[in-house]
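**Student:** Taken in sequence, the protein lines are chains R, F, H and A. Taking the working numbering, the leading residue of the first sequence gets -4, the next gets one more, and so forth. Taking the working numbering, the leading residue of the second sequence gets -4, the next gets one more, and so forth. Taking the working numbering, the leading residue of the third sequence gets -4, the next gets one more, and so forth. Taking the working numbering, the leading residue of the fourth sequence gets -4, the next gets one more, and so forth.
It is worth saying that the hints were derived from the structure and are not from the lab. Beta carbons are placed, not taken as given, at the ideal position from N, Cα and C, and that holds for glycine. Do not take every clue at face value.
Stated by the list, open to error - List time: in silico SDA-like cross-link candidates among lysine to any residue, alpha-carbon distance up to 20 angstroms: (1) H/21 <-> F/158; (2) R/21 <-> F/15; (3) R/141 <-> R/109; (4) A/21 <-> R/25.
Stated by the list, open to error - Partial list, derived from the structure: chain F residues whose beta carbon lies under 7 angstroms from chain H: (5) -2; (6) 8; (7) 11; (8) 71; (9) 75; (10) 86; (11) 93; (12) 97; (13) 137; (14) 138; (15) 142.
To be verified - Reference listing, derived: stretches of chain R covered by chain F, where coverage requires no fewer than 3 residues with Cβ under 8 angstroms from a Cβ of chain F: (16) -1 to 5; (17) 11 to 20; (18) 82 to 92; (19) 99 to 112.
Protein chains: 4
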Amino acid sequence: MPTSRLEAFSDGVLAIIITVMVLELKAPEGSSFGALLHAAGTGLLSYLLSFIYVGIYWNNHHHMFQLVNRVSGGVLWGNLSLLFFLSLFPYTTAWMDDTGYARVPVLAYGTNLLLAAIAWFILQAVIIRHQGSGSPLAKAVGRDNKGRLSLVLYVAGICCGLPGERFWTWLALGCYVVVALAWIIPDRRIDRIIRDHGAPD
Amino acid sequence: MPTSRLEAFSDGVLAIIITVMVLELKAPEGSSFGALLHAAGTGLLSYLLSFIYVGIYWNNHHHMFQLVNRVSGGVLWGNLSLLFFLSLFPYTTAWMDDTGYARVPVLAYGTNLLLAAIAWFILQAVIIRHQGSGSPLAKAVGRDNKGRLSLVLYVAGICCGLPGERFWTWLALGCYVVVALAWIIPDRRIDRIIRDHGAPD
Amino acid sequence: MPTSRLEAFSDGVLAIIITVMVLELKAPEGSSFGALLHAAGTGLLSYLLSFIYVGIYWNNHHHMFQLVNRVSGGVLWGNLSLLFFLSLFPYTTAWMDDTGYARVPVLAYGTNLLLAAIAWFILQAVIIRHQGSGSPLAKAVGRDNKGRLSLVLYVAGICCGLPGERFWTWLALGCYVVVALAWIIPDRRIDRIIRDHGAPD
Amino acid sequence: MPTSRLEAFSDGVLAIIITVMVLELKAPEGSSFGALLHAAGTGLLSYLLSFIYVGIYWNNHHHMFQLVNRVSGGVLWGNLSLLFFLSLFPYTTAWMDDTGYARVPVLAYGTNLLLAAIAWFILQAVIIRHQGSGSPLAKAVGRDNKGRLSLVLYVAGICCGLPGERFWTWLALGCYVVVALAWIIPDRRIDRIIRDHGAPD
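When you get a sec, could you build the whole thing from the sequences and use the hints?
**Tutor:** Right, here's the structure in full:
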């Protein structure tokens, strides 16, 4: 099976996830600047962080599927489980924001990030196994230090969030922000492979 | 008429259905782990079940239309009626979950599953009739024991839900879960036909 | 400019319109069958009617753009104004249903149907003028008796809705249902042209 | 990387933004014409203005990417930041409308328009730099007087909104309406380039 419909369906789901989060932002109660700040001060920042995360996943998905020609049933389900965890972002983002970055919601947000990252790794592994030896994706990913480091930082963020004191909660959020910043730069390994060997289709 | 726009439109509708269900999940009232469990304990499971069902329909739709070259007006309306019943999933899922899996909502959910399955069968039949004798889809589907068994299990689930006692309600839900698990494995018959004879376009 | 992105964007907008209407349906207050009937008795019928209307527009859009090769800026805006009036369907459907088919909301719904039909005619005219003499769409549409009759029935429906007595309101709704039924059969004229002369691209 | 998925993803996001705004319109409380006017009198106008703005961005995006063959990582992020600011339109539109065009919300709406325009300019610049010398987009855009004038008008609108008296607020809104009207005509420069030199792919 070609990848076109999997890409179109994923584009649709990611486009909806990235857009519906803004619907969770409640319009300010009053019409003053203070009301905007009160209602959306942190809300816009939470939205921006989750927007960037979904953008990163879309970018990486786009890059990864440049190196994929055919999909199997396993790849379809690997992709669906990634989309499932990404689809929880509006929920965990809204909860985290509504509670003013309380302890458990920040932990839930981090867990959501971690589960999405694990689903990403599983999808990558399923594709590489499906491509067999000499898989162009396997070559492009290499030892995947950046991916592994992200997992470590997500776990570090979750651990930081455990005590629940203000300082540690901000440190947890800091971990999530650092991972996002690291990934805003798209995966040059795949760009290089495409340039050197041509896209596989 | 080629199938490209029908596939794109269906991808769009299914992407929205699968994503908006998460908007029905209400964020927990408090910020504790207990509040999350209270608010989303069963909600996440209901969402997961419906997510898997929509995923199954997308997978099977994707597989089926691999064997379809041209669509007629009848196929367009067959497809729209399938999308109509799938679009009710967010509604019946939310009701079932809000009422804590009460008797009538569980029956309504099962009826929704059954109606979607019947719409699927009608769509399949319309395509096969449109393809005429030697239809590659007819060959791939064969006697369709898995599809027939699903119908039986949906009806069994609805019957189990009728008494409304806790035990029977869980049995009804069990039937729906079993069908979902059976279909997570995509339709190998179509994979085999594609491998053996090449995709028809 | 090719038509591919105009078709993709329209598919996206129509997919969202057809799906978000179900979000307007409020889940029943209780868990009994009576509560379902009370909450969704007419709601599901209203949703079905609007779902069919959006489905008809999608089908006809799909058929029409089979005969269109290139789009101009005027076609883009003609298409956007059609999408604008279709995007009001969830709003007018919800209002009509919330008020139990009261006089003004039924008039508003009919006006919405009429405006969408007028936008459709304008879009058709813009495309035909853009294609110039010998336009395949002009040949396919012909004298467009069905389209003209629909306009007459919409206006008749709006007039029936004016008195606001129960009988006349139902007659107005009857007009809208009749037009929907007449259009469920897709436009065979275009099918015939495509079969006789081949698709233009 | 080809532009197809970037276009598909942007189409999806823009389709959702343009459609979800109508969900922000609250159905009238009563069933009279007065209730409709009260609830949606200005709401429909605000929606129309934002609908036209998103339509303009879609049209211009469509035109611009006619002249783009390949995208880099920078183009992907430039595009995502444009989509981010456009995704705030439902939020600022709803706030402006809920507060009856109060001073700060009108300023926020203008700022949103300005930020989206700046993101557009950055995206344009990133593409032109990526295309290198002899960039077809650079030729098509030329000195971009219309784009510059729009920025001036947005800033003028924001300045007009600062005093907060009724007259000045309406003048600010007038500025935004004038820009929209100026852009409803799609960018003929790109049409001319495509006609003269052929599309680059």
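**Student:** It remains to establish, for every hint, whether it holds in the given structure.
**Tutor:** How the hints compare with the structure:
no.: 1; hint: H/21 <-> F/158; in the structure: 26 angstroms, violated
no.: 2; hint: R/21 <-> F/15; in the structure: 18 angstroms, holds
no.: 3; hint: R/141 <-> R/109; in the structure: 14 angstroms, holds
no.: 4; hint: A/21 <-> R/25; in the structure: 18 angstroms, holds
no.: 5; hint: -2; in the structure: 11 angstroms, violated
no.: 6; hint: 8; in the structure: 5 angstroms, holds
no.: 7; hint: 11; in the structure: 4 angstroms, holds
no.: 8; hint: 71; in the structure: 5 angstroms, holds
no.: 9; hint: 75; in the structure: 5 angstroms, holds
no.: 10; hint: 86; in the structure: 6 angstroms, holds
no.: 11; hint: 93; in the structure: 6 angstroms, holds
no.: 12; hint: 97; in the structure: 4 angstroms, holds
no.: 13; hint: 137; in the structure: 30 angstroms, violated
no.: 14; hint: 138; in the structure: 32 angstroms, violated
no.: 15; hint: 142; in the structure: 25 angstroms, violated
no.: 16; hint: -1 to 5; in the structure: holds (count 4)
no.: 17; hint: 11 to 20; in the structure: holds (count 4)
no.: 18; hint: 82 to 92; in the structure: holds (count 6)
no.: 19; hint: 99 to 112; in the structure: holds (count 3)
Hint compliance for this structure: hints 1, 5, 13, 14 and 15 are broken, all remaining hints hold.
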